[in-house]
Amino acid sequence: EAEVAQSPRYKITEKSQAVAFWCDPISGHATLYWYRQILGQGPELLVQFQDESVVDDSQLPKDRFSAERLKGVDSTLKIQPAELGDSAMYLCASSWSDNSGNTIYFGEGSWLTVV
Amino acid sequence: KQEVTQIPAALSVPEGENLVLNCSFTDSAIYNLQWFRQDPGKGLTSLLLIQSSQREQTSGRLNASLDKSSGRSTLYIAASQPGDSATYLCAVRRSNNDMRFGAGTRLTVKP
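Protein sequence lines correspond, in order, to chains A and B.
Here this note's numbering is used: the first residue of the first sequence is 55, the next is one more, and so on.
Here this note's numbering is used: the first residue of the second sequence is 18, the next is one more, and so on.
Note that these hints are calculated values from the structure, not bench results.
Be a bit skeptical, because a hint or two may be false.
If you want a taste of the chain A side facing chain B, the calculated C-beta under 7 Å gives, among others [stated by the list, open to error]:
| no. | residue |
| --- | --- |
| 1 | Q95 |
| 2 | G96 |
| 3 | P97 |
| 4 | L145 |
| 5 | T157 |
| 6 | F160 |
| 7 | G161 |
| 8 | E162 |
| 9 | G163 |
Far from chain A, by Cβ distances over 12 Å, these chain B residues were calculated [said to hold, decoys possible]:
| no. | residue |
| --- | --- |
| 10 | R78 |
| 11 | L79 |
| 12 | S82 |
| 13 | S102 |
From the three backbone atoms N, C-alpha and C, an ideal C-beta is built for every residue, glycine too.
Looking at chain A on its own, in the form it has when it is part of the complex (with noise of 0.2 Å):
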């Protein structure tokens, strides 16, 4: 069964140091997401890309994170400098289009400890 792949699962790095985490999304899915969750919490969307266009940014702090998908297929969340608060899982989802019916598939997620 296709899978979103994720890497790397765990992440463990010192405040004010850079983190990149990347996504290679379901074969043939346009739509790609980009998930925070704390702990306790539900997944809050940081950006939404449709092939290589972002569709929706207006949540992900842009001072220190980026994002990009450049050839509409994998995709790279950097985040730099790192802060404490941003210790949580980044989940990477994706779907065959941006059509509101279609269902939308989550990979494992990357947890990330700012220390």
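Got chain A; can you put chain B on it based on the hints?
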């Protein structure tokens, strides 16, 4: 702004019991509602997707209902098993790029 609430936050039941998880949302203008399962430290697995025009969806021992007018959805799990232990999240979609999640209900099924 769409708010999604899940009650209870945690639930513990003995194996074999039928149970209901609740999800409520404040804005009834939705496209669909999706239920997910999340195991500890893992990603989300889609369980059921209910379009706004539908009233319910079923998959195996799971049945989800949707009442848009009252802003409620329920997830019914029949004959619960220890393997059902997980956190269950509902997510409401208002548009192509607006999907709001509840905080989840943490379910424990005791053998």
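### Task
May I ask you to check that B/S82 keeps its beta-carbon over 12 Å from the closest beta-carbon of chain A?
18 Å, holds
### Message
Quick check on A/G161 please, does its C-beta sit within 7 Å of some C-beta on chain B?
### Response
5 Å, holds
### Task
Go through the hint on A/P97 and say holds or violated, using the shortest Cβ distance to chain B against 7 Å.
Given a least distance of 5 Å, the restraint on A/P97 holds.
### Message
Just to be careful: measuring from the Cβ of A/F160 to every Cβ in chain B, is the smallest value less than 7 Å?
### Response
Check passed: Cβ of A/F160 comes within 4 Å of chain B, closer than 7 Å.
### Message
Take the shortest C-beta to C-beta distance between A/E162 and chain B; is it under 7 Å?
### Response
Interface hint status for A/E162: holds (5 Å vs cutoff 7 Å).
### Query
Does the CB of A/L145 sit less than 7 Å away from some CB of chain B?
Hint on A/L145: holds, closest Cβ of chain B at ~6 Å, below 7 Å.
### Message
Quick check on A/G163 please, does its C-beta sit within 7 Å of some C-beta on chain B?
### Response
Result: holds, 5 Å to nearest chain B Cβ.
### Query
Is it the case that B/R78 keeps its Cβ farther than 12 Å from each residue Cβ in chain A?
Given that every Cβ of chain A is farther than 12 Å from that of B/R78, nearest at about 19 Å, it holds.
### Query
Any CB of chain B closer than 7 Å to the CB of A/T157?
5 Å, holds
### Query
Does the claim that B/S102 lies outside the interface with chain A hold up, using a Cβ gap greater than 12 Å?
17 Å, holds
### Task
Taking the shortest Cβ-to-Cβ distance between B/L79 and chain A, state whether it exceeds 12 Å.
15 Å, holds
### Query
Taking the least C-beta to C-beta distance, is A/Q95 closer than 7 Å to chain B?
5 Å, holds
Taken one by one, the earlier hints all hold for this structure without exception.
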